[in-house]
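K.L.:
Residue strings, one per chain:
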Amino acid sequence: PLPPLKDLHCYIRSYKSHRLLRRRIVTLTPRITSHYTIFPRDKDPRWEGVEMERFADEADVVIVGGGPAGLSAAIRLKQLAKEQEKELRVCLVEKASQIGAHTLSGACLEPSALNELFPDWKERGAPLNTPVTEDLFSILTEKHRIPVPMLPGLPMNNHGNYIVRLGHFVHWLGEQAEELGVEIYPGYAAAEVLFHEDGSVKGIATNDVGIAKDGSPKDVFERGMELHAKVTLFGEGCHGHLAKQLYRQFNLRENCEPQTYAIGLKELWVIDEKKWRPGRVEHSVGWPLNRNTYGGSFLYHLNEGEPLVALGFVVGLDYTNPYLSPFREFQRWKHHPFVAKTLEGGTRIAYGARALNEGGYQCLPKVTFPGGMLIGCSPGFMNVPKIKGTHTAMKSGMLAAEAIFPKVTAEDPASETAGLHIPEYEDNLKKSWIWKELYAVRNIRPSFHNYFGLYGGMVYTGVFYWILRGKEPWTLKHAGLDSAQLKPAKECTPIEYPKPDGKLSFDLLSSVALSGTNHEGDQPPHLTLKDDSIPVANNLAIYDGPEQRFCPAGVYEYVPLETGEGMRLQINAQNCVHCKTCDIKDPSQNINWVVPEGSGGPAYNGL
Amino acid sequence: MSRVLVGVKRVIDYAVKIRVKPDHSGVVTDGVKHSMNPFCEIAVEEAVKLKEKKLIKEVVAVSCGPTQVTETIRTALAMGCDRGIHVEVSGKDYEAMGPLQISKIFAALAKKEEASLIILGKQAIDDDCNQTGQMTAALLDWPQGTFASEVTIDGEKVKVVREIDGGLETIKISMPAVLTADLRLNTPRYATLPNIMKAKKKKIANMKPADLGVDMVSRVEVLRVDEPPTRLAGVKVETVDDLVAKLRANGTI
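Chains W and B are the protein sequences, given in the same order. Numbered according to our numbering, the first sequence spans residues 18 to 624. Numbered according to our numbering, the second sequence spans residues 112 to 364.
Please note that a few of the clues may not be correct.
[Claimed, not checked] One side of the interface only, derived from the structure: several residues of chain B facing chain W at Cβ under 10 Å: (1) Y125; (2) D141; (3) K144; (4) S146; (5) E182; (6) P299; (7) L304; (8) P305; (9) I307.
Hints in this document: simulated from the structure, not taken from any laboratory. We treat Cβ as the ideally placed atom computed from N, Cα and C, and that holds for glycine.
Extracted from the complex, chain B is given alone in its bound form (with noise of 0.2 Å):
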């Protein structure tokens, strides 16, 4: 019987407005609404449901970054996790983090804790990278499955749906293994109050990455951040022969 890691990312929820810095160096966070990943609730509700259905032992939930992502550990408890680990990052290195670094938390993580599943959220919806799975996969040589919306274990090996362009592939890996969630995996359950007060006396360890040997240097510099331009208004004209002219006024053609 097995233990999985679950990935959870605390982001900016996804109904407030962006706001960028004035110094144009990231966006305002400073009192933002925050929440759970959308895709990495649906990763816990996943890893929870193999537990409720004893395909796995035990369902350790991680999260990178200051003391505040604690609280996002603390949802994911409450969903059904059996225990915690903060990785704290703060600072610099906190806004510079990304899935490069991540991933090799989760390397380390996953032998550290002989994990036989990590599933993770296919992408998180502040920097939508979708690439913290392959690239954990990659650095500790596992198959991946990745924009699963099907999971089912299979003694030692374990069938995946994938969601692609053209459809629905559906292929079988052996564990261990990395699986990132989409969304038509499955509908989260909802972190209800007294499981949240049931959650307060489960344990979240604390480390940092040094303890794991994880270097947080980063090889992505932003330089700056932009809103995205004001649309233009639209010009109509009436004739084919008006949108010809206005083509080549503009240079298109």
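Okay, chain W solo, but in the shape it has when bound (with noise of 0.2 Å):
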């Protein structure tokens, strides 16, 4: 029998126009989505007569982004207000609850950009508390290792480098900031970017609150606040959701490849002292993966008191096995006697994950638009063969500052657009360091590319890397999308994973729960889809249902329907990590990740 129509939504799609389906078909797909992105408020007569009124106020400048660029463009702007005397307001919008909470990294940190903005860094108490002692980098097999030497010159090399739990760093920067004057108001996403006549940014709205799950509006609704500013500058991180927006609409990346990422899983562990190596840093390349799916490890000795370790595992989501699951592949690459040795007898305290960017110079798009402009790992300044994007990520968000601070403070700016366009700032990046970086290491990564993969990479940055420095003619190009590389499922062989042995391997959610992770219940799912029924329909008939696999928190799950035949979606938006690779990795490119009320979300404390 058909369960009550009310519980059912029937969706009647004509998939002619759909590059992937091209039949009609009737499906009885239970409801999902209920976001007001995708189902607009104005049409639904829940919404009538409910005030949509929003509180708006100005400042000189907004930041969307309390992590690493966001703060350090704040910083940099006191800074300069402080030495010429001027006036200037700066807030900065955060979504997680505190600066820190959502910031994962693994992390060495280069101190170039830290040394530009405090030189007396040391003296504030800044948290780089481990300098890296000792460099280890090895290509694992399934029982042995391969030392490989980290030869001086080498982009990997760490020496001059700190070992840093990059959530205290930025929560450091972030007391800094506010010592300044910075307004800083974690806890309040940025929901929606807002626009003058003219189609110039004027500023953001934050998200509203009190949305039931249903998408209608409960007793404690109230909507956001409306923050409008001369510039906007966006430092979401990895592959921001407003950006993905600006993207669109400014056509930012027509002259650029699409951004390409990797997923990075990391834990904390207190191990035994008898094993413990303060400023030891060892990266592997290898097993558990094979040749052709990038990726790595990472594991770092802290020196803060307490034994405690870093590690994490990073793969490639240009990945084509949709069975493939990034979270087992960590859980067992801990297996490995020469990662066992370390962890045996330690307790893991810590979990988390997040993208990051892989794309480096070929995909930066243009960063600077009427209103606005991107920094840090949004645009992506990560240099990928180091591994490190904050010191660059720092850079990016001081280059913003200097390009905006003459013209916020001018008499008259001289602007055609009522929002501010500065395209100073594109022009300083291309002068500056990060510019010469990126483009030396530009072709590191697509060099994997090739029948060898992991291994041509490998010579290829041997030879050409460590030789010539980036200086060769070509720039060789990445494979495209990442949505795009997954094969069907039925030309893939399924991934025989360990079963989790509860020691140095953990089960999906008892890690989510590790992070702390969590969100106000009674609200709309925030991993909307734009069509609910594509997921069987195209996600599980075709690649087997990968987001099951790829999300390292659990929210995606395919269970069967309470009546009858099939399958349906689960979403279990509370586990959601903010980790944005269900957005990049979805093969039908249906999932849209949207900010969640302000505050939700991992709760990472010195990821």
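Put the two chains together into one complex; each comes in its own frame, and the hints tell you how they fit.
P.N.:
Spelled out as structure tokens, the structure:
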């Protein structure tokens, strides 16, 4: 018998124009998506008569995102204001409940940008407590390890760098920014970009609160607030959701390749003191990934009192096998004898995951547009072979601030648009060390796209990069959109992953619990689907539901329908750790990650 | 028209996994996400609702602890409280601080501020004591309406519907009184950004327990904190005889 009509919505869709399916389908799909970005409220009878007016405030500069880029930009603006005795109102909004709670990175920090921003960072108490003392690189096979010498001049060489807990470093940057007078508002997400009549960016609006899971207004419903600015900086990190919109709006990606990404999963372990080597940096490639799947591991020994190690695994999101699970690759890597010997007897105390950029130079978009600019990992300044993006993110924020300052404090900014367009930022970037650095390493990541995969890439790096430092006249291309790389499931072999042993490797749900992630349950799922019927019709049918495997938080589950045959997609939005992998890797590009109510998401402590 | 004191406690967020310090003296709090105790949010909401109904004149949010608790007071101000009081307690005193010290502080403040109502959360989610409201009422010799799921002010009296084991109990107490908020009392409003900005202009007074004549010496000494023991795997048995044999073998019967 059919379930009651009120519980189901029939979707009759014509897929003639859909590039993936070309037949009429009548599907009975339980309603998943209720977010107003898919179902606008002005057409929704439940919203009739609800007050939608927003309170608005003005600042000189509004910054979206309290990470290294956003905070460095804010700090630099206030430093310039102090130097030149000018007044400047800088407001920064951050979706995490506190600065640093959504920050996740290895991380080996290169202090170049920090030295420029705060030459006296040591006196100010910046948490750079672990200088790198040892640098190991290995190629792993299932049971053995082949050491690779870390010659000076190779991009991964870490001499002079510090192992940091980036969340703590970002928290410290936040304190410095507040001291300088930046208004920081954690717990408030920028949900909407606002535009002037002339199409330039006017500012942002923070998220509405009090919308029920079915999309209707609750008693506690309140509109977000509008923050208007002369120029708005977008520092949302890798694959930001507002940036995605801005790329389309201002056609910022017409002259660059589509961005390509990786997912990084990380854990913190307290280990046996006898195994602790503070300052040691270990990287590996090879097992458990095959030579055609880009990825590798990191393991850093911190020096902050406790015998703490930060370790993790990165998998390129251009992988082709839909049966691959980055989380389970990470868990089984820990069983390798070389890794297990460090972790045996230890306790895992934290877990998290985040997507990162792999595109480098070839994927840099235009970063300025009327009324705004993109900074940090959002446009993507990560130096991929070095696996470092913090120093370039900070520097991009500082360059943005230096370009903006004269314009926002000028008597007459002489702008054609209401929101200031400041192309000097892009010029400054091109003249800076960021550009030189990214240009030099531009061919390393794409060199992995050859028959020999990883080994071809390593040979290319050893031969061309070490000798020519990127001066070769050609620029290799990436493979294209990550979401288009998956092969259909029937062409691939499922991977046999070992069961977690509860000592070194763990199951997904206990890992997610360690991330401290949570969201207000009664709100529309923020993993929105443009079409609720596509997951079963396409992702499950052709690719065996890869989102069940690439999501590091167990958000996506295919479960049997309560009545009758077939499956449905269940979205456990509360588990989301805001990594953005689903938005990147969904082969149907049907998932659109939007920001949930502010202060939801992970509660990372120094990750 | 009256003044209400509302207590707000800064606690580790309920969704965060707790970790015991390596020296077993307590739990790790450095850098861990904290938020306002959920029952305190309900207490603030009730006080603000009473003010909106014009039954009370002023709501004062009070918190005891180090500098970080001012963030919690700001959230209460953003929800609608008029001003805040930060009673500074830090270091060893803060670690040893418990319901007895807090209730002494509230009793002193109630007299100082001439409050006619104190509304607290029924308990904090970190220590689960459920004692502060009751102790405060005892110190002041005021009536108490604890586990309140409905509060109605009727002249100089307060009608409180209490959640008790057997169901609901309705009592009428005279003011001044102490109320503690239970889960179903109300749904707290969000602290929205415009209100957070306005809250920055509201006053938070600073004081020390000594200014109120309160000594913070604790009568309780924490000896050791441990994780709960890991649950052992269960054992499945096929027959009742097997069960009896196993229970005999481990000495249960």
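K.L.:
Against chain W, with CB atoms and a cut of 10 Å, does the hint on B:P305 hold up?
P.N.:
Cβ of B:P305 sits 4 Å from chain W, so the hint holds.
K.L.:
Mind checking the CB of B:K144 against every CB in chain W and telling me if the closest is under 10 Å?
P.N.:
Interface hint status for B:K144: holds (4 Å vs cutoff 10 Å).
K.L.:
Could you check if B:Y125 really has its C-beta closer than 10 Å to a C-beta on chain W?
P.N.:
Cβ of B:Y125 sits 8 Å from chain W, so the hint holds.
K.L.:
Tell me if B:P299 is really an interface residue toward chain W, meaning its C-beta lies closer than 10 Å to one of theirs.
P.N.:
Given a least distance of 8 Å, the restraint on B:P299 holds.
K.L.:
Does B:E182 pass the interface hint, meaning its C-beta sits closer than 10 Å to a C-beta of chain W?
P.N.:
holds (9 Å)
K.L.:
Quick check on B:L304 please, does its C-beta sit within 10 Å of some C-beta on chain W?
P.N.:
Constraint on B:L304 satisfied, holds at 4 Å.
K.L.:
Under 10 Å is the threshold here; is the Cβ of B:S146 close enough to any Cβ of chain W for the hint to stand?
P.N.:
Nearest chain W Cβ about 7 Å off; hint holds.
K.L.:
Does B:I307 pass the interface hint, meaning its C-beta sits closer than 10 Å to a C-beta of chain W?
P.N.:
holds (7 Å)
K.L.:
Should the interface hint for B:D141 be scored as holding, given a Cβ-Cβ cut-off of 10 Å against chain W?
P.N.:
With Cβ-Cβ at 8 Å, under 10 Å, it holds.
The earlier numbered hints are all upheld by this structure, with none contradicted.
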